[in-house]
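Peer 1: Chain B: place on chain A using the hints.
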Amino acid sequence: QKEVEQDPGPLSVPEGAIVSLNCTYSNSAFQYFMWYRQYSRKGPELLMYTYSSGNKEDGRFTAQVDKSSKYISLFIRDSQPSDSATYLCAMKTTGGSYIPTFGRGTSLIVHP
Amino acid sequence: SAVISQKPSRDICQRGTSLTIQCQVDSQVTMMFWYRQQPGQSLTLIATANQGSEATYESGFVIDKFPISRPNLTFSTLTVSNMSPEDSSIYLCSVRPGTNTGELFFGEGSRLTVL
Numbered sequence: 001q002k003e004v005e006q007d008p009g010p011l012s013v014p015e016g017a018i019v020s021l022n023c024t025y026s027n028s029a030f031q032y033f034m035w036y037r038q039y040s041r042k043g044p045e046l047l048m049y050t051y052s053s054g055n056k057e058d059g060r061f062t063a064q065v066d067k068s069s070k071y072i073s074l075f076i077r078d079s080q081p082s083d084s085a086t087y088l089c090a091m092k093t094t095g096g097s098y099i100p101t102f103g104r105g106t107s108l109i110v111h112p
Numbered sequence: 001s002a003v004i005s006q007k008p009s010r011d012i013c014q015r016g017t018s019l020t021i022q023c024q025v026d027s028q029v030t031m032m033f034w035y036r037q038q039p040g041q042s043l044t045l046i047a048t049a050n051q052g053s054e055a056t057y058e059s060g061f062v063i064d065k066f067p068i069s070r071p072n073l074t075f076s077t078l079t080v081s082n083m084s085p086e087d088s089s090i091y092l093c094s095v096r097p098g099t100n101t102g103e104l105f106f107g108e109g110s111r112l113t114v115l
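Protein chains in written order, with my numbering: chain A, 1 to 112; chain B, 1 to 115.
Chain A extracted, bound-state conformation (with noise of 0.2 Å):
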């Protein structure tokens, strides 16, 4: 079993509607989270993290963290063609490494 395990996809959704990714992992170790995105032939960007358990929002984006499930989902809302890109979670413990450990990434395509 693989630490971090996310949905490769693709997702397809029509404009405006309610995206959900997703993201589960079996360290429970991990206190960081963190949600990437990556448009094509682009390097990852940090979208949003968070700290421990909890919700994050940031404009159209919710991450939410529920460590009794080791789950963690990055949600937005009114979805737009431009939300189109890979999204790939991340997470790291809180000493030893500095290296997150990444999940492989969900495709997400926002048709309009």
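Hints are computed from structural coordinates only; laboratory data are not their basis. Incorrect hints may have been included.
As the list claims (entries may be wrong) - Quick partial rundown of chain B residues pointing at chain A, CB under 10 Å, derived from the structure: (1) Ser1; (2) Lys7; (3) Pro8; (4) Arg10; (5) Gln41; (6) Leu92; (7) Cys93; (8) Arg96; (9) Phe106; (10) Gly109.
Quick reminder that beta carbons are idealized off the backbone N, C-alpha and C, glycines included.
Peer 2: Leaving out everything else, chain B in the frame of chain A:
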């Protein structure tokens, strides 16, 4: 944040040759990383490039195949040596700001195709 420039953005190479990828950062950073991204796979860390010392390689990656230079705090190179088609991938340079949250900033990547 950091602005990272990578060269080349893409290249097509012949089997058995070597290619050096350059990474330039617009600010001084302690930690620079090289990743490989193969289709449908997670980002895989190749090595951590340390200024003034040898790079630290992850399991499955060796210096003879992926030699790395880090001459100063804003620049690094990754060489892919004696390439085979299995080396076809996107190679990404990344830096970590001076926090413990694990946030990384990435370059746009170098897309390598080996024939």
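Peer 1: Next step is simple, just say for each hint if it's right about the structure.
Peer 2: Against the structure, the hints come out as follows:
1. Ser1: holds (9 Å)
2. Lys7: Violated - the Cβ of B:Lys7 stays beyond 10 Å from chain A, reaching only about 13 Å at its closest.
3. Pro8: At about 13 Å, which exceeds the 10 Å cut-off, the nearest Cβ of chain A leaves the hint on B:Pro8 violated.
4. Arg10: Since the shortest Cβ distance to chain A is 9 Å, the answer is holds.
5. Gln41: Where the cut-off is 10 Å and the nearest Cβ of chain A is about 6 Å from B:Gln41, the hint holds.
6. Leu92: Nearest chain A Cβ about 6 Å off; hint holds.
7. Cys93: holds (8 Å)
8. Arg96: It holds, given that the least Cβ distance between B:Arg96 and chain A is near 6 Å, below 10 Å.
9. Phe106: B:Phe106 check passes; min Cβ-Cβ to chain A is 3 Å, inside 10 Å.
10. Gly109: Hint on B:Gly109: holds, closest Cβ of chain A at ~5 Å, below 10 Å.
This entry does not satisfy hints 2 and 3, going by the numbered hints stated previously.
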